[in-house]
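The chain contents come next:
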Amino acid sequence: MDLHVVGPLASPVERAAVDAILGAPESGWVGGARDSGTDGHASSGGHALRARRSQLLPALHAVQSRIGWISTPALNYICKRLAVAPAEAYGVATFYALYATTPRPPVVAHVCDDIACRLAGAEALCGDLTRSLGPAGEPIGDGRATWLRSPCLGLCDLAPAALFTTAGERPVMVSAAPVDSAGIAARLESGEGSARPAPVGRQAERGDLRLLRRVGIVDPGSLDDYRASGGYRALARAIEIGPDRVLEEVTASKLMGRGGAAFPTGRKWAAVAAQSAQPHYVVCNADESEPGTFKDRVLLEGDPFATVEAMTIAAFATRASLGYLYIRGEYPEAEWRVTNAIDRARAAGLLGGDILGSGFAFDIELRRGAGAYICGEETALFESIEGKRGEPRNKPPFPVEIGLFGKPTVVNNVETLANVLSIVTDGGESFAQIGTEGSTGPKLFCLSGHVAQPGVYEVEFGATLGDLITLAGGVPGGRAIRTILLGGAAGVFVGQDALDMPLTFEATRAAGATLGSGVIMVFDETADLVDTLRRIAQFFRDESCGQCVPCRVGSVRQEELLARLAAGSRVRSREEELILLREIGQAMRDASICGLGQTASSAIESAFRQPGMVNL
Amino acid sequence: MTDQVTPNATSDPDVLAAILRSPPARASRPPGPPPVEAPASVELTIDGVAVSVPDGTTILGACGEQGIDTPTLCYVENLTPVNVCRVCVVEVAGSRVLVPACSRKVEAGMDVQTDSERVRLSRKVVLEFLGSSVDLSLTGPITPDRSIAAYAQRYGADATRFGPPGQPSAAGERDRLESGHHHGPTGDATAATVAQPTKIDNELYVRDYSKCILCYKCVDACGEEAQNTFAIAVAGRGFDARISTESAVPLPESACVYCGNCIGVCPTGALMFKSEYDMRESGTWDESAQTVTDTICPYCGVGCAVSLHAQDDRIVKVTSPTDSSVTDGHLCIKGRFGFEFVNNRPKV
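Protein chains in written order, with our numbering: chain A, 532 to 1147; chain B, 114 to 461.
Heads up, a few of these hints could be off.
Claimed, not checked - Listing some non-contacts, in silico: residues in chain A with all C-beta distances to chain B over 12 angstroms: (1) 607; (2) 628; (3) 891; (4) 903; (5) 921; (6) 961; (7) 1009; (8) 1069.
Stated by the list, open to error - Each computed DSBU-like pair below joins lysine-lysine, with the alpha-carbon atoms no more than 35 angstroms apart: (9) 919(A) with 460(B); (10) 387(B) with 919(A); (11) 218(B) with 926(A); (12) 237(B) with 218(B).
It should be emphasised that the hints constitute simulated quantities derived from the structure, not laboratory data.
All values derive from a computational prediction rather than experimental measurement.
Where a beta carbon is used, it is the ideal one built from N, C-alpha and C, also for glycine.
Construct the entire structure; sequences and hints are all you get.
What follows is the structure, encoded as structure tokens:
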């Protein structure tokens, strides 16, 4: 490739930000000062340079968090450093919502206006902000700050929520919840912020918790405390019994993936372990972005070493030597916790060249997303790690054969990995005894909306929807439940009649519902469901990657149709409009490339199936 | 290849000396490629008919052999399929969702339905999605039986179901759209489109992204599938995704080398020779009055096959056959655009 960079390269400040990530440029060929003595007669580049493409997102993050936006000269400098064509880098930078390619003030409040926060008054909050600070996206006062609307920030239990970013020499990124307009204005004024308190253990008094037992109890920053509470016993056990036995135990546990697709984890691991192509990769999918989901955030903030240990076990079993933990860009506290955990584990010899003296080598690289729900789709996540637009790949081939960097890859959700620890220490058979025949083990549910005590709750599979709502204190004020959203924006609405339904993979499937990522969002009789549906439609329109026609255009047509039904300006009769809504949904479900488009109509269609739920 | 011995094949001085004394006879022609075993055949069922095709065939290819006409938009034979338009989807027994015929390879025992209710509905709605958001007036093969209009009729597609088209964007407006939150529809019963003014910023070709279905063909041809220039990429996200140069600069400020290979693979007329565009604007473009002459590019020694499209004794467009073993349908700036000297020859 003939790299053609037109125009000036970055300012000294922008260069310093990029160099802090990539190191100083080695020659004039990659953006350094030209030295005719050493650079004059030899080019550099080739595969070694182009292999650094996967540093594109970290480099873009560096400029974004230093300056507050990514100028064309800064983009050009990154392109020189990584041998990426400027048009491609521009395509990547404009794909992710946390990057700005036009000037943006350094201090930004990202205010969540998604479904759970709307139930807690987010729209009124945005209205207040518009009146007091000006419209979203417009510079405030001296131009140093602005506010933007944001999709779900994973703080639904504390709604309404906001994320504050301050670009500068010492960039600040903190989330806050609950927030009000005066609090947001004050933070925008100061540009400072203190981190939200650590997550609370809602069921801390229960002694039999497996996944949440350390959350809110054990210091998440201390490796010693983690080990003192049983941490790293699973890895020691895994090394003692060997990789094949670990695979057997995980298979015997009948553990199913907790990210939404419910694929048997043992089968996935065994398939990767059996691949002859090398190297193998382990990827932890911590790009939790499904509206209403915050369980992975709680695990990462409250028990980060568990994820690190479980990834190490996954790598040991599948013969991988490098892992990537891809965390969503809007989780600053979780990112900080995980970074600390990886560093401490490495310092203690629990990551690195010779883990626990066994000769097994494994390390973890943390990658931060940049505001794209689609990157939770596993192949889009690979593309993002590789430094590309998060566009899902066509399947087959599946990641177990051709995954990250084209190599066999095991990719697991944070909660899935958390289950691995007790499977290895207590055995797969004993894990399989927990729960039901088709759904084994403990499960986390994210309770939000109109419940007295929103939060993450752990139960054994088999608990009913009603049990979970009771655990969360029921509906406040004695009001009646109007509907419940199961599984998030990509899930389905169910009615009161579903309260007795056990929340297992098999029972929800039989009922035409889904567990998805474990979202239980309760709407009481006061909720404006038309507003909720329109926000869900908007979410998919905003988050579609745009690659395939059914999702790119279908998500727009679905949103328009709901808008005109709400405005009473139908194109045809109501019946014809509802047939059209179903046909849009079916084409998206049948013909889209990935799960985003395939489920973009799920919740909306389910709402119309429930008698009397929406009056449109 | 066995009769080719290179000096460093051995370090034994005696052997080397023997080779130097009597070198092996020179092959009279370059060695051919090693023999390739014919691929095994795969048995499958298409629309209830048992079919046998070579391993590695796509479902689209297998359907073609059966005489089944499958609509395609983002598929061209000289580029790797990207399966993004989804108009070629078929139903495969056991698959939860429909699969793209253009890229999916046949497998033994596959049971393919090309005209089931699900297939017909998806194809209809996809054609409606495109018809309601993009100007398809020049899209696709325009032979009467395979035009977009004929497919729309076959599947009963009616793009007006979503309401009249919304306001077109101003020049450059779509180029500035940021990912993430957008201003939702107002409920005015119109359908959003990608309509925008044509980009005319150079003398060789124009870009009318009102006609762009985002099939990625131009990006792939500009990038690693042909030209390796990477002057354009997809920018933005979702419905706001668009083909863009770096920072959306005009072409003359971009990395573009004007090979025109993007025009060669564009299936919708969004990318067009300036000569063709000007003639269409003035109403003089008339394909029925054009001749196409296959010849060899007169410039360098590569010998690229070119097809000269001429109207009124003037060359109006240059293409290259996609089945040419020399070009694969791709040319450089000289072959593609360097024909003005012919048009400017003095009249005798």
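| query | So which of those numbered hints doesn't the model satisfy? | reply | 1, 2, 4, 5, 8 and 9
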